[in-house]
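If you're matching them up, the sequences are chains G and S in order.
Residue numbering for the first sequence follows this note's numbering, beginning at 1 and increasing consecutively.
Residue numbering for the second sequence follows this note's numbering, beginning at 1 and increasing consecutively.
Calculated from the structure, these hints are not laboratory results.
Be careful, since some hints might not be right.
Using 25 Å as the maximum straight-line C-alpha spacing, the simulated DSS-like pairs for lysine-lysine come out as follows [unchecked claim]:
1. K96(G) <-> K156(S)
2. K305(S) <-> K397(S)
3. K63(G) <-> K156(S)
4. K229(S) <-> K359(S)
5. K76(S) <-> K305(S)
6. K76(S) <-> K181(S)
Beyond 10 Å from chain S on every Cβ pair, some chain G residues (computed) [as the list claims (entries may be wrong)]:
7. K51
8. A65
9. F68
10. K96
11. H97
12. R98
13. G119
14. I121
15. H124
16. F135
17. G136
Think of the CB as a built atom: it goes at the ideal place given N, C-alpha and C, for glycine as much as any other residue.
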Amino acid sequence: MTIIIPFDPSSSSTLPYLQPAVIDPLVCVLPLLLHRVPAGFPSPADEYVEKGLDLNTYLVRNKTATFFFRVIGDSMTGANIHDGDMLVVDRSIEPKHRHIVLAVINNEYTVKRLYHQDGVIELHAENAAYPPIRFGEHDELQVWGVVVGAVSRFAV
Amino acid sequence: MGRCGRGSITLRCVAMAGIGATACNQIFALVDVNNFYVSCERVFNPALENKPVVVLSNNDGCAVARSNQVKALGIKMGTPWFKFKDLAKEHNIIVLSSNYTLYGDMSDRVMTILRGYSPNVEIYSIDESFLSLNGMSSLWPAAVDMGQSIRYRVRKWTGLPVCVGIGPSKTLAKLANHLAKTRPEMEGVCDLVSMPQAELDAYLSTTEVGEVWGVGRRIGAHLDAAGIKTAKALRDAPPSWLRAKFGVVMERTGNELRGASCLALEEITAPRKQIVSSRSFGQLVHTLAVLSESVTSYMTSAAEKLRRQRSVCEAVQVFIATNPFREQDAQYSNSITVPLPNPSCDTRLLVRAALFGLKKIYRPGLAYKKAGVMLTGIGDAGVIQRSLLVQHGVGEKSEKLMEAMDALNRRFGRNTVAIASAGTNRAWRMRRECMSPCYTTSWNDVPIVHADH
Chain G
1 MTIIIPFDPS SSSTLPYLQP AVIDPLVCVL PLLLHRVPAG FPSPADEYVE
51 KGLDLNTYLV RNKTATFFFR VIGDSMTGAN IHDGDMLVVD RSIEPKHRHI
101 VLAVINNEYT VKRLYHQDGV IELHAENAAY PPIRFGEHDE LQVWGVVVGA
151 VSRFAV
Chain S
1 MGRCGRGSIT LRCVAMAGIG ATACNQIFAL VDVNNFYVSC ERVFNPALEN
51 KPVVVLSNND GCAVARSNQV KALGIKMGTP WFKFKDLAKE HNIIVLSSNY
101 TLYGDMSDRV MTILRGYSPN VEIYSIDESF LSLNGMSSLW PAAVDMGQSI
151 RYRVRKWTGL PVCVGIGPSK TLAKLANHLA KTRPEMEGVC DLVSMPQAEL
201 DAYLSTTEVG EVWGVGRRIG AHLDAAGIKT AKALRDAPPS WLRAKFGVVM
251 ERTGNELRGA SCLALEEITA PRKQIVSSRS FGQLVHTLAV LSESVTSYMT
301 SAAEKLRRQR SVCEAVQVFI ATNPFREQDA QYSNSITVPL PNPSCDTRLL
351 VRAALFGLKK IYRPGLAYKK AGVMLTGIGD AGVIQRSLLV QHGVGEKSEK
401 LMEAMDALNR RFGRNTVAIA SAGTNRAWRM RRECMSPCYT TSWNDVPIVH
451 ADH
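Produce the entire structure from the sequences given, and follow the hints as far as they go.
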């Protein structure tokens, strides 16, 4: 039931006392929807909004122990590592047989596949043009880190 | 594991009683990277392994890091480069300029690893951290095992060698670190908490008093003159006598040596009360224009620091100096403090004040070697006194501009946006003639790996 009171500008006494609307001093913070609502239904996906994909989370497992290197040469093309690629190297991983590793040979960094079986240690290229490097009983193989990924960028 | 841990607690208390400590509940570790700058360079340049390497300070002035081979040649910390140039040639010493970008990144990595061992870490310097090990003992069979684990993990993950010193006070942890470094039989980890009393006494009596943390060269000489020549003698000196003769700080050092922890872990650094930005020039500077460029640039970085700690300053000081080592040149140095109309952290106002001061003290016809700025009267940005007069460099507009400037410089690199008077030529900037690439922070500088043999 709505009571309509006729408006008489000459008299103020005709107006009943009205309770003023409460202005809530507390700011109510609601999560902002990430898209505009076109005066219809809110998107059913709003509850499921997640951050975009970050390549770092895909390529880097342990940020503290991860370093990047740039590749020169084609000895690892069989493992999809090409000249100019960026290698993601994780030092915290224990090198094992069949891992692609970054080794130190003659004061230079080299990328090769580690062969370590039955007491034989070798570094294999993934390109028939390059012979494997063999390690004798008294030689020391210095593995700097394990390669966990490679990134290419193409000219456009 | 739990049982083992409990065992080690008992052991610790017994050992601590031996030290004669009053507090049995404190245990600290000091982790320190060996020859930090040189070690960072070696991680990315295997050719430096087992070779004498020295890293020079800003402007290639003096030795700030030395490999063990260089230490063995008798080159001391801080030796000016021109003094050992010949020796360097004779022994094929590899000389590098300091690469603070690289060292900063490697330091962050080490500190991140250390936070995995204790929730309470105090970063004491770029290459040293104190860890509180309170309540950690049940996690490890013995403190030494944890030390070895830290050593292994830092070495494995970053390639950097560290030593770990463990003690019931920071001073003893520091001393333990020194022992771990200098005595190969300790394998890089020294735990004074569980060390038998006799062995501890033996170590302390062979450690010179000057090696104790907090004993400087001057006070060390005074202690020596008073008959206190070793760390053990300092520990056994009566506290009241130490206080009367050398002050409360030395009394505290004595207590710390007895195993009573007096210095707490400082995890949060208090906002700085003074910010200085100054540097020597790569070459001598003569004109006001070039000096202004450098002062603008130093003020820009000082103002950035000021805003980072959410402070404002009341006055800026500018100073300039000629090279005191060039005795053939006329000498001059001066400084001036310029009060601001109101506290501010706006780079534009701070630069204007600094350049105003510079003009007042600049004298033509001289060859300047150094300039700098200092911010004083630093206070909280939230507490600003309102004024009826026109305010400069405060308010929403200024805040927003500075925020945008800082954000741009953070995102796109230093000096993306700067005050125009900083210039673009920067002939005066630091000399770093043999700096290594920024291997870990710049895509153009990442190291090369060969797949061509």
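Next item on the list: Could you tell me which of the numbered hints above are not met by this structure, giving the numbers in increasing order?
Entry: 4, 5, 8 and 9
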